[in-house]
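Asks: Each chain, letter by letter, is given below.
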Amino acid sequence: QEVTLKLHQFLPPQANVPKLVLDVWADNVEEDSGGRIKIDRYPSMQLGGKPPELMDQAIDGVADIVWTVVGYTPGRYLSTEVFELPFMMTNARAVSHAYWEMFEEHMKDDEFKDVHILGTWVHGPGMFHTKDPVERPEDLQGMKIRGGSRSVNALLTELGATPVGMPVPAVTEGLSKGVIDGTTIPWEVTPALKVPELVANHTEFEGHALYVLTFVLAMNKAKYESLPDDLKAVIDENSGLEFSVFAGGTQADADGPAREIALDLGNNIITIPADQTEEWRKRAQPVYDAWLEEMAAKGKDGQALLDQARMLIEKYTPMYTN
Amino acid sequence: MKSMMLGLSRFMSVLGGLVLSFLILLTCTSIAGRLLNGFFHGDFMTAIAPGLSDWMLNLGVGPVTGDFELVEAGVAFAIFAFIPLCQMTAGHASVDIFVSFMPERLVGFLRMVTEVVFGLVLVVIAVQLCSGMLDKIDNRETSFLLAYPVWWAYALSLFGAVAAAIVGVYMGAVRVYEFFTHTTIIPEGTEAGH
Amino acid sequence: MTDLQIGIYSFPALLLLIFFRVPIGLAMFVVAFVGLSLLEGVSFPLLRLKNEVFSTFANYSLSIVPMFLLMGHFATLGGMSTALFRAAESFLGHRRGGVGMAAIGACAGFGAICGSSLATAATMGRVALPELKRYGYAGGFSTATLAAGGTLGILIPPSVVLVIYAILTEQNIAKLFLAAFIPGILAALGYVLAISLYVRLFPDSAGTRPPVPWRERLAALVDVWPVLLVFGLVVGGIYLGWFSPTEGAAVGAAGTGLIALVNGGLNRATLIESFIVTGRSTAMIFFIVLGAAFYNGFLALTKLPDEMVSFVVSQGFAPLTVLVVFLVFYLVFGCVMDSLSMILLTIPVFWPVIQALDFNLLSMEAFQAHRAAEALAEGVEIAQPMLQSIQEALAQGVLLTKEQIDALGIRVSERLLDRINMEYTAIWFGILVLIVVEVGLITPPVGMNLFIINSMDRETPMLETYKAVGFFVASDILRVILLVAVPAITLFLLPM
Ligand code: NA
Ligand code: NA
Numbered sequence: 005q006e007v008t009l010k011l012h013q014f015l016p017p018q019a020n021v022p023k024l025v026l027d028v029w030a031d032n033v034e035e036d037s038g039g040r041i042k043i044d045r046y047p048s049m050q051l052g053g054k055p056p057e058l059m060d061q062a063i064d065g066v067a068d069i070v071w072t073v074v075g076y077t078p079g080r081y082l083s084t085e086v087f088e089l090p091f092m093m094t095n096a097r098a099v100s101h102a103y104w105e106m107f108e109e110h111m112k113d114d115e116f117k118d119v120h121i122l123g124t125w126v127h128g129p130g131m132f133h134t135k136d137p138v139e140r141p142e143d144l145q146g147m148k149i150r151g152g153s154r155s156v157n158a159l160l161t162e163l164g165a166t167p168v169g170m171p172v173p174a175v176t177e178g179l180s181k182g183v184i185d186g187t188t189i190p191w192e193v194t195p196a197l198k199v200p201e202l203v204a205n206h207t208e209f210e211g212h213a214l215y216v217l218t219f220v221l222a223m224n225k226a227k228y229e230s231l232p233d234d235l236k237a238v239i240d241e242n243s244g245l246e247f248s249v250f251a252g253g254t255q256a257d258a259d260g261p262a263r264e265i266a267l268d269l270g271n272n273i274i275t276i277p278a279d280q281t282e283e284w285r286k287r288a289q290p291v292y293d294a295w296l297e298e299m300a301a302k303g304k305d306g307q308a309l310l311d312q313a314r315m316l317i318e319k320y321t322p323m324y325t326n
Numbered sequence: 003m004k005s006m007m008l009g010l011s012r013f014m015s016v017l018g019g020l021v022l023s024f025l026i027l028l029t030c031t032s033i034a035g036r037l038l039n040g041f042f043h044g045d046f047m048t049a050i051a052p053g054l055s056d057w058m059l060n061l062g063v064g065p066v067t068g069d070f071e072l073v074e075a076g077v078a079f080a081i082f083a084f085i086p087l088c089q090m091t092a093g094h095a096s097v098d099i100f101v102s103f104m105p106e107r108l109v110g111f112l113r114m115v116t117e118v119v120f121g122l123v124l125v126v127i128a129v130q131l132c133s134g135m136l137d138k139i140d141n142r143e144t145s146f147l148l149a150y151p152v153w154w155a156y157a158l159s160l161f162g163a164v165a166a167a168i169v170g171v172y173m174g175a176v177r178v179y180e181f182f183t184h185t186t187i188i189p190e191g192t193e194a195g196h
Numbered sequence: 024m025t026d027l028q029i030g031i032y033s034f035p036a037l038l039l040l041i042f043f044r045v046p047i048g049l050a051m052f053v054v055a056f057v058g059l060s061l062l063e064g065v066s067f068p069l070l071r072l073k074n075e076v077f078s079t080f081a082n083y084s085l086s087i088v089p090m091f092l093l094m095g096h097f098a099t100l101g102g103m104s105t106a107l108f109r110a111a112e113s114f115l116g117h118r119r120g121g122v123g124m125a126a127i128g129a130c131a132g133f134g135a136i137c138g139s140s141l142a143t144a145a146t147m148g149r150v151a152l153p154e155l156k157r158y159g160y161a162g163g164f165s166t167a168t169l170a171a172g173g174t175l176g177i178l179i180p181p182s183v184v185l186v187i188y189a190i191l192t193e194q195n196i197a198k199l200f201l202a203a204f205i206p207g208i209l210a211a212l213g214y215v216l217a218i219s220l221y222v223r224l225f226p227d228s229a230g231t232r233p234p235v236p237w238r239e240r241l242a243a244l245v246d247v248w249p250v251l252l253v254f255g256l257v258v259g260g261i262y263l264g265w266f267s268p269t270e271g272a273a274v275g276a277a278g279t280g281l282i283a284l285v286n287g288g289l290n291r292a293t294l295i296e297s298f299i300v301t302g303r304s305t306a307m308i309f310f311i312v313l314g315a316a317f318y319n320g321f322l323a324l325t326k327l328p329d330e331m332v333s334f335v336v337s338q339g340f341a342p343l344t345v346l347v348v349f350l351v352f353y354l355v356f357g358c359v360m361d362s363l364s365m366i367l368l369t370i371p372v373f374w375p376v377i378q379a380l381d382f383n384l385l386s387m388e389a390f391q392a393h394r395a396a397e398a399l400a401e402g403v404e405i406a407q408p409m410l411q412s413i414q415e416a417l418a419q420g421v422l423l424t425k426e427q428i429d430a431l432g433i434r435v436s437e438r439l440l441d442r443i444n445m446e447y448t449a450i451w452f453g454i455l456v457l458i459v460v461e462v463g464l465i466t467p468p469v470g471m472n473l474f475i476i477n478s479m480d481r482e483t484p485m486l487e488t489y490k491a492v493g494f495f496v497a498s499d500i501l502r503v504i505l506l507v508a509v510p511a512i513t514l515f516l517l518p519m
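If you're matching them up, the sequences are chains D, G and V in order. The numbering used here numbers the first residue of the first sequence as 5 and each following residue consecutively. The numbering used here numbers the first residue of the second sequence as 3 and each following residue consecutively. The numbering used here numbers the first residue of the third sequence as 24 and each following residue consecutively.
Keep in mind that the hints were calculated from the coordinates and are not lab data.
Straight-line alpha carbon distances no greater than 30 Å define the calculated DSBU-like cross-link-like pairs of lysine-lysine that follow: (1) Lys326(V) to Lys227(D); (2) Lys42(D) to Lys326(V); (3) Lys236(D) to Lys326(V); (4) Lys326(V) to Lys23(D); (5) Lys42(D) to Lys225(D).
Looking at chain D on its own, in the form it has when it is part of the complex (with noise of 0.2 Å):
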């Protein structure tokens, strides 16, 4: 073969992203290339570091390739965070394809001027996983959480929890010894973490869920720009749009068995439904305005951006509900 990419990431090989989402992408690039594109795939931060690190590593061309959180290196990306705002999403499909139209109009120039694109996509619903049943904000008061996003954590200090920081694989020990009460994070990643077994309630919400992490393919843009015409195309047809929404929505679609091993172990399952959902989002307008006035300082119109994003959101959901 011609090229050899290095695609570096987070998660172990079978974890579901790597196998359902990275894999595929990468084999379609390998096999549309005719061979002459050969990705080698490096799991579990093989090539050194620690997760936040992978963002500087495709800018400075450490990996040619990788799959990241944005939300892991605060204060860079700021813009993002517009999906990552509780009570924003919707479906996992939607908002990755609002979230790749706004970054392809907004952040690919500005925030992402430093790394080439190759798909944006956010997981399914974020909820609350916790020992107590939580059905009201009230219910929260003094409970210790793991926050998902730096969002989610100032909504928890909003509504009287305390926010806890810490890696998601601490989250299995914090709950077994008692450092958190609970978690927020989508249904996909709880059996790895043996949450089910770990703690009885989790809250769903109807129609805008709690919260979600966006995700990129990040390619270095270095790398990108060498190759030659005919095999940036063969990485473009498999980038973008399409491929941004088939990721969030195959990640999302890892929640339906998830959630089926948390109803075997008979745990009580909240659904807050969509009218209560309100009294929930007028707590989190504290939130909202925090993110505005941090936008502001930099600089942006955060208002702006918010309304698009409702507006796309509002839009697509529809199309991809069934």
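On the provided structure of chain D, position chains G and V with the ligands as indicated by the hints.
Replies: Relative to chain D, chains G and V with the ligands alone:
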């Protein structure tokens, strides 16, 4: 020169130790806050002394926010700060058995090359850490909970890394001088700290 | 040269540097740097260093290391090592080989509050070596006893090596500590047996001391209370869920520091001394961690670990054969390598292989029986004929039917069983690896514990120590065989 370097190394060790002690106390405070927070939120206290409970909770009795990221930043500094003295007292783990069969001159030569390379490595580490810090200043990355700029933590570590590089280069120079003049300035494995 | 060849040649290059007395961390760092430059150009390793050194050091889980080291030093300042030895000696000293056994007992006690083997060896060496000499113990026998006793520092939890293993294999630190407990006690008992055998074979090698009256024994026992307090607080706190193991290290350091302060052992001078001693070991350990992280990143790029995993798996070796080969590898390399570097270097390669094999530590029958027993103990309502059929099935050790499982209301899926088996395998393998790398600390010619203790005793030639330590190494090897043959010893305390 030697006493100055030794002084610097000891100073950095003590500084690292103080930071480590601070992290220990911080962690204990955080645990105590978390346990008390649970206690005042518990059924027992809210039933018998609701006023006291509310008062304590409103005072902010709870885990220290961001203890996790403070420990990470602090312990990185402490480790960098501990390197200089380890350098001066030949504290790094190595395998002695094979050189004991070699002529002394060869051993001296190997020691010289090793310490020069070590000094060089510590300089490279400090320079690259500085370059990493400049990136972090540029991209304004912050920590997760406390949202302090990440480059602060880098800068703190850089302070330790520079001291390590200075001592590393000094030790390299000492071993070169010792090799060519057949002298001993700093005996190996001295417990210079005691 | 292909990438794979570069990876393969890096091994002899690394060993050569180590034989030339290049510090192990530096050797790994340099080999990785050169290797990465060959693979990707010299700017590649430089770019990695921008963030990687910082992120390797800024590691929350690893912050446990300097804290446990400081805790061990404070414990000594607080007089805990002396108190432990006095208490053990007052009970055992009058027996044949009793003072040596007391030293082992005191090492075990100290190991319960110290996470490092070298620190345990050094501390107890300082306390017990003069006593052993006083009661006529032969030089080599004394040093070998203490060197072996020192290994209890990492065998009995807390243990720095286990923390590193837990991080590398993404396992629960608290469970690993729990699993290490029984094997650790067995280690101490094995050493006591080794001593009693030694003094029977060489009666001239040890004397006895006069018996101590019971009143004094009890008084000595009372002096041990700070050790019990700290151990109880740290271990109890971790298991009661008051704090995580990492936080437990901070609690332990603060607790021993406080006791040292109250006992008058801690003042400005000794505090500075503690920082310096802790700092030196910390810098040493973390430079090895850094070198190994850098080297492993390089190896991954050469694809060598992948090739090795697929080779071993494709050969279709029996799982037990692979396990034994790995353990023997550790024993052989342990003669010349340092324990921490061995773990850091090999686990990223060996663990995926072990993970790919099926050791079947928990069978479906046993799993069902355990869950059924739990359910029956809790008192499920079951009709008499059904209950009888369940009890028969359990007695015969056969699989339960779906109706029986439903009647019991238990959950026993294949997937759940696989998950438990994977965790059991990780923990069992971790404890076995812990023991075999620890043996490396006392196997000639290069054994860090042997060096430390021997340097405290100028009159004893190294060769005498080498000769006597064989008995302890033999006891270690027998214990490994026992634990391989009976995994339940290690897994006994773990929740299912
Ligand atoms: Na220990
Ligand atoms: Na050895």
